[in-house]
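Student: Required output: the full structure, derived from the provided sequences and hints.
Residue numbers (full-length UniProt numbering), protein chains in the order written: chain A, 1 to 495; chain B, 1 to 95.
Bear in mind the hints are in silico, worked out from the structure with no lab data behind them. A portion of the hints provided could be inaccurate.
Unchecked claim - Derived lysine-lysine pairs resembling DSS-like cross-links, with alpha carbons at most 25 angstroms apart: (1) K263/A x K467/A; (2) K84/A x K78/B; (3) K493/A x K13/B; (4) K13/B x K99/A.
In this text, all values refer to a predicted model and were calculated from it rather than measured experimentally.
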Amino acid sequence: MSDLTKLTLAGARDALRKGETTSVELTETHLKAIEGAGALNAFVHHTPEIALEQAKAADARIAAGDAPDMCGLPIGIKDLFCTKGVPSQAASAILEGFKPEYESTVSQNLFDAGAVMLGKLNMDEFAMGSSNETSVYGNVVNPWRRSGDEADLTPGGSSGGSASAVAADLCLAATGTDTGGSIRQPAAFTGITGIKPTYGRCSRWGTIAFASSLDQAGPMTKDVRDAAIMLEAMCSFDAKDSTSANLPVPNFEAMLTGDIKGKTIGIPKEYRMDGMPDEIEQLWADGTAMMKEAGAKVVDISLPHTKYALPAYYVIAPAEASSNLARYDGVRYGHRAKLDAGDGITEMYEKTRAEGFGPEVQRRVMIGTYVLSAGFYDAYYNRARRVRALIKKDFDDVFATGVDAILTPATPSAAFGLGEMKDADPVQMYLNDVFTVTVNLAGLPGIAVPAGVDANGLPLALQLIGKPWEEGDLLNTAYALEQSAGFVAKPSKWW
Amino acid sequence: MSIDEQTAARVAKLARIKVEPEALPALAQEFTNILGFIEQLNEVDVEGIEPMTSVTPQRLYRRSDVVTDGDQQEKILKNAPDAREGFFAVPKVVE
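Tutor: Following this line, the structure appears as structure tokens:
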């Protein structure tokens, strides 16, 4: 077959079933592509032995005629997922050398379905960041460049390694996680598809925790069909995660008809931000027109508390992070600082955490500590949780009027240059998540679909937000949008 | 609200992160900026609204109260920076 790295998950699955290629051949081709893509810094732990072993097992399973959809398909796993015996350090120095003795539920589900792990993917440290510049492994580089310009661009974050690897055809798909937009924003910056399912669809067990009430895993893929295939394999009810949903997981791919006649799509007026680039405004208007042409009814809606989502997020997420990251104490795993004579256990904690956490993680842990401290708990943390209830109510009210999905831009801009935000206030960086973070606060499913390019030739995406547990319907609406938008651009290979 | 150096130092202590004294002014300024951003929340009328504890109305799943695993001492200690005689080893805690 011609270039196997250009295949989608669906295309590779069909080729495997027809005997046109083997999982071993697919895997070897991708391992070679990864070897030649060091400049992107997407894969940070390579697992070729595991990959080839899994590929051989998958080929045997396919030959036996009883192979699930993901069987034999080579993918990358974000470093946030604990993978047994393989370094899993959330791109942090504090987990240096950590090799889990267990497998995360999501990666186990994928392996049970026959997926092949090529390696672990770079990310922002503890998933805290929007540009993949906070990683202990160094920056990830976006395979896309502005036309006529060789400046390195960010792939977005925190799932920047996943986004870069899928966009550059280093793996057929990758796992991501999304706490405030960490699947959808990097997907948008790299011209790929990324879905965050409803909170509770994917088990959080074995995924290194950032903010437990917001964290959800999801797939990052080349198109919507692949997102449907991989999401189904990742989801499950899991007794090891008390917030896991005990609901049947539908066959999402079977729900992709592309027919959205009679569906109602809401356009929220609060997402029209001051200073939004014309190109984003135009993309959104084009997307709205596409939905109409496809037969959907388009209505203007209001989500009045949108403006307060980011500030609420920057109380709740750091608060949960400060609690979750208390476990990194230099005792049970990872890094422990070298101690001076006379240092006691407090010095050990303080030095270990100062050395092990990068500046953004330290900042968020301390902000979280502050908003939870005596005297501020009500003023900050409880107030933010009350605002969160209002943000969720905004969505509940809109869905109660018969809206099936909400269409918004995915990001306020195209990918920006690495280092460009270096001197900016941290709050400026946080604004990247302005369109995505509401979805995490409300626990809803959201998907980023590439829909156009800007004047520099960089990809731009739209976001669709769905009703709880209706990922199938959401994916079908995204499928219709994908077909209308007809986005086919790929980055030209320079690495 | 403006965060002073003393507050920044107290927060660093509570978070068990060593911050050198010369880094405190910049840290205090960052906290001030971020908290200034967060203070927009004071504009919202939250009267009578319960703080959200869960985005889904479902009850947390409870498994049966039985022993499901254990006897994994070796695995648990495997990643420890310092483990001795079946225990995690730490600097002296009690004088």
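Student: Does K78/B lie within 25 angstroms of K84/A when you go C-alpha to C-alpha?
Tutor: Holds, at about 13 angstroms.
Student: Taking 25 angstroms as the top limit, are the C-alpha atoms of K263/A and K467/A close enough?
Tutor: It holds: about 13 angstroms lies between the C-alpha atoms, which stays within 25 angstroms.
Student: Is the hinted pair K493/A and K13/B satisfied, with a Cα-Cα distance of at most 25 angstroms?
Tutor: It is violated: about 49 angstroms lies between the C-alpha atoms, which goes past 25 angstroms.
Student: Run the distance test for K13/B versus K99/A: straight-line Cα separation, threshold 25 angstroms.
Tutor: violated (30 angstroms)
Checked against the numbered hints given earlier, the structure breaks hints 3, 4 and satisfies all the rest.
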